[in-house]
Amino acid sequence: MKTIDLSNATVRDLNQALHDQVKQLEEREWVVTHPNGAHNLAVGVNEAVSVDIQGHAGYYCAGMNQKASITVHGNVGVGCAENMMSGYVRVKGSASQAAGATAHGGLLVIEGDAGARCGISMKGVDIVVGGSIGHMSCFMGQAGRLVVCGDAGDALGDSLYETRIYVKGTVESLGSDCIAKEMRAEHIEELQALLDRAGFNQKAADFKRYGSARQLYNFKVDNASAY
Amino acid sequence: MCGIVGLYLKNPALESQLGALFEPMLEAMTDRGPDSAGFAIYGDEVPDGWVKLTLQATTEDYDFKALVAALEGTLGAALDWFQNASAIVLKIKAGEATVRAALAELAPTIRIMSAGKSIEILKGMGLPKEISERFGLKNMQGSHIIGHTRMATESAVTMEGSHPFSTGADLCLVHNGSLSNHFRLRQELRREGINFDTENDTEVAAGYLAWRLQQGDSLKTALDSSLEALDGFFTFAIGTRNGFAVIRDPIACKPAILAETDDYVAMASEYQALSSLPGIENAKVWEPIPATMYIWERAPA
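Protein chains in written order, with full-length UniProt numbering: chain A, 1 to 227; chain B, 1 to 301.
If you are wondering where the hints come from, they were derived from the structure by calculation, not from laboratory data.
Check the hints yourself; a few may be wrong.
20 Å max Cα-Cα, derived EDC-like pairs, lysine to aspartate or glutamate [claimed, not checked]:
{"hint": "1", "chain 1": "A", "residue 1": "K92", "chain 2": "B", "residue 2": "E281"}
{"hint": "2", "chain 1": "B", "residue 1": "K93", "chain 2": "B", "residue 2": "E45"}
{"hint": "3", "chain 1": "A", "residue 1": "K203", "chain 2": "A", "residue 2": "E186"}
{"hint": "4", "chain 1": "B", "residue 1": "K10", "chain 2": "B", "residue 2": "E281"}
{"hint": "5", "chain 1": "B", "residue 1": "K93", "chain 2": "B", "residue 2": "D44"}
{"hint": "6", "chain 1": "B", "residue 1": "K284", "chain 2": "A", "residue 2": "E111"}
Just so it is clear, the structure is predicted and the values come from calculations on it, not from any experiment.
Produce the entire structure from the sequences given, and follow the hints as far as they go.
Given below as structure tokens:
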């Protein structure tokens, strides 16, 4: 196990050391102490290492992650795990806006709440939120699953493509072209698997499913006011 | 981009350390706002019948001593004052309007940064560190303080364009974001008799709040109506005589984070600015909900 103390080392030292593992894997377990809300922690990691960030992180934490397993023992700022390709990111606290934005793969678990625009333009990532999410979440979500154990804010799933959204609590309002859908056996099964992987003691049957009505895929003049 | 920070002490025992606790918060936001900085500090209230003003000159060698002597001669009122770099804090036993009229006559180039019982606004161009050192922030005492680090986008980098902006007696505003309807709104507010010194968008927001409060709105009503009247992005922190308030626009593109312990409530654009506070590890830390006003005030003395 290697510890990088950010009260002595810089963020660049940390990220460079993590990137160097791709050339030669020397250490699988990393601990980051005194993060104090610094931005860009553990960004662009491309090796199956584990990184434990012991405190609050700033913007873009674990962005562009591939293969790595990154845990933040605190809150994260804007854009946590943005554009993640694969791997696993777990936030023990809450996340600010745009968590998991544009992410293509992997699993992002937020134990607390996520702010506005959670999973905006997500392209295949799975996001599981233990608390509630803010407005405009999953805007233009293209693929992947977004699971919310609490409530969702305004305009959930606006202009949605094929992301599947599961919410246990209330939804303040649905965005354009997002509708409630039937929970079939395959949905219960995939949702239960996701909840179990995220380590949340929840029953899939308690959730509702939301998805795209697929009316805005191609421009029709009759729909102009919905865009 | 800009940075905003605020610190409100719940525990009066910390009042002697307000400046020392706040200085690292302001400086932590240097990346968000390196061109100017400022703060509004509350404390050292003047007695009834007195008013406290912060005046700022464009140069440090301005002859404030002569100005104060002339003011004393004109108004014949008891006064007390001290100089801090290019600014002075003037306490005078007279009405605010009387002092403003006398100052407009005697020293038209002097800017009145703030007026009230408690507030002092100090601001200028330069890195946050330069501003805090220029005005000796570290040794200041008080009950609460809000500050701003500026990266100008809408108007010129000048002392007048930096924040906080006064919005009335003991009230001030700092802003992160940009307003798109400030030109039209400024014209409308000028017709209502509100004066503007700059082309700055935040000054218009401050002028709007000042106008609403003059019309008899409570701070909450004024802020709620600002959500309708102001078009653009904003996170505001508002200093009041007894506390401070935070509000974000409904879209909430501009960040804000709040932290509360038994000793204080703190707000900042980013958590980094809170990380130096004592006991922050165990503080309740959360992101304010869009279009929702948060306010902390102690009971008036």
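Now the hints, each set against the structure:
1. A:K92 x B:E281: Given that 20 Å is the threshold and the Cα spacing comes to 14 Å, the pair holds.
2. B:K93 x B:E45: holds, 13 Å
3. A:K203 x A:E186: holds, 14 Å
4. B:K10 x B:E281: holds, 18 Å
5. B:K93 x B:D44: holds, 15 Å
6. B:K284 x A:E111: Answer holds: B:K284 to A:E111 is near 16 Å, not above 20 Å.
Going down the numbered hints, you'll see the structure goes against none, and every one checks out.
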